[in-house]
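Visitor: Line by line, the protein sequences give chains A and B. Position 69 (the first sequence) corresponds to 68 in numbering that gives the first Met the number 0; numbering is contiguous. Position 37 (the second sequence) corresponds to 36 in numbering that gives the first Met the number 0; numbering is contiguous.
No wet-lab data here; the hints were simulated from the structure. Treat the hints with care, since some could be wrong.
[As the list claims (entries may be wrong)] With a Cα cut of at most 25 angstroms, we get these calculated SDA-like pairs of lysine to any residue:
| hint | chain 1 | residue 1 | chain 2 | residue 2 |
| --- | --- | --- | --- | --- |
| 1 | B | Lys63 | A | Thr118 |
| 2 | B | Lys64 | A | Glu20 |
| 3 | B | Lys63 | A | Val120 |
| 4 | B | Lys64 | A | Leu185 |
| 5 | A | Lys139 | A | Asp99 |
| 6 | B | Lys63 | A | Phe111 |
| 7 | B | Lys64 | A | Asp117 |
| 8 | B | Lys64 | A | Phe111 |
| 9 | B | Lys63 | A | Gly23 |
| 10 | B | Lys64 | A | Pro119 |
| 11 | B | Lys64 | A | Ile103 |
| 12 | B | Lys64 | A | Gly23 |
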Amino acid sequence: MFERFTKDARSVVNLAVGDGEGTGTVDSVSLLLALAWPDPAADGGAAARVLQDAGLDRARLEAAAATVDRPDRPAAARSDGSDPADPALDAEALASLGVDLDAIRAHADEVFGPGALDTPVVAEGRRGRSRRPRFSSDAKKTLELALREAVRLHDRQITSAHLLLGVLRDPASPAARTLVAAGADLSALRASAERTRDAEAA
Amino acid sequence: MRVLVVGAAAAVSDDPAVGLRAVRSLRTLAERLEALQVARARSLGWSWQDIADALGVSRQAVHKKHGSRRGASLDEGRD
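So that you can see chain A by itself, here it is in the shape it has in the complex (with noise of 0.2 angstroms):
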């Protein structure tokens, strides 16, 4: 699907794989957070600019999407009780059906060593022979609405600046409350994005 991508809205792409190799997954942070860094080797990087331009920069969108809840993230903090240093492990629900983790744990501590059963199997959850990170639906919702943008302002490509108006396009994204939650006037981002992406264009 990424033959209609430029260079730059590729590069954002990739930094946004890049970002999500620590948990496994990219979702629409992930490529909010790669559409803020400006990256010289592609050209210009439009939607940097326009966030830039609003103040936006990388460090205020990490610290804001640090507070957002990011479903899709395996991330360290979950509130919904399972282990947060385990998320493939819950013992709660292994204790809804009688099953005690902490047993079980402490019988593997003891026949295979301290931690033995924290260590997650490499082929686990069938993804593990690719190293890449997943796409989370809402990631692949904000690249597909880029598409739409794209569709939709007759545009033959999508540039980073289209990938932004997807981001917008969605207010319920954590992207797009991660945006929010950084004080930024949504509507005055997409007027401003669309306006970058017709001098693009030209």
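Fit chain B to the known structure of chain A by using the hints.
Guide: Frame of chain A, contents of chain B only:
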């Protein structure tokens, strides 16, 4: 609230969300225990065939799955 029931007297839950999470965790748990047991059996000198018999799978399957993992024997394919 749900956090409160963790521990000895966990409530029986009929919530599919909890049931599905439990299934997922069981699967992960089984995978991790399998990897640990296989690595330990190898280090104790078990052959891939012995391990495969114990797990009820083919020797090829167990070797393919665990042969390249850390702790597994380096002389793959020979035994």
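Visitor: Please go over all the hints and tell whether each is borne out by the structure.
Guide: Here is what the structure says about each hint:
Taking the CA atoms of Lys63(B) and Thr118(A), the gap is near 20 angstroms; set against the 25 angstroms cutoff, the hint holds. A distance of roughly 23 angstroms separates the Cα atoms of Lys64(B) and Glu20(A); the hinted pair therefore holds under the 25 angstroms criterion. Annotation: proposed proximity of Lys63(B) to Val120(A) holds, straight-line Cα distance about 14 angstroms (limit 25 angstroms). Note on Lys64(B) and Leu185(A): the hinted pairing is violated, with a Cα-Cα distance of about 49 angstroms set against a maximum of 25 angstroms.
Note on Lys139(A) and Asp99(A): the hinted pairing is violated, with a Cα-Cα distance of about 37 angstroms set against a maximum of 25 angstroms. Of the pairs offered as hints, the one joining Lys63(B) and Phe111(A) holds, with about 22 angstroms between alpha carbons and a cut-off of 25 angstroms not exceeded. Only pairs whose Cα atoms come within 25 angstroms are accepted, and Lys64(B) paired with Asp117(A) is accepted, the gap being roughly 19 angstroms. With a C-alpha separation of about 19 angstroms, the suggested pair Lys64(B) and Phe111(A) falls inside the 25 angstroms cut-off, and the hint holds.
Restraint check for Lys63(B) and Gly23(A): the C-alpha separation of about 24 angstroms stays at or below 25 angstroms, so the hint holds. Among the hinted pairs, Lys64(B) with Pro119(A) is consistent with the structure: their alpha-carbon atoms are about 14 angstroms apart, no more than 25 angstroms. Among the hinted pairs, Lys64(B) with Ile103(A) is consistent with the structure: their alpha-carbon atoms are about 23 angstroms apart, no more than 25 angstroms. With a C-alpha separation of about 21 angstroms, the suggested pair Lys64(B) and Gly23(A) falls inside the 25 angstroms cut-off, and the hint holds.
In this structure, the earlier hints numbered 4 and 5 are contradicted, and the remaining ones agree with it.
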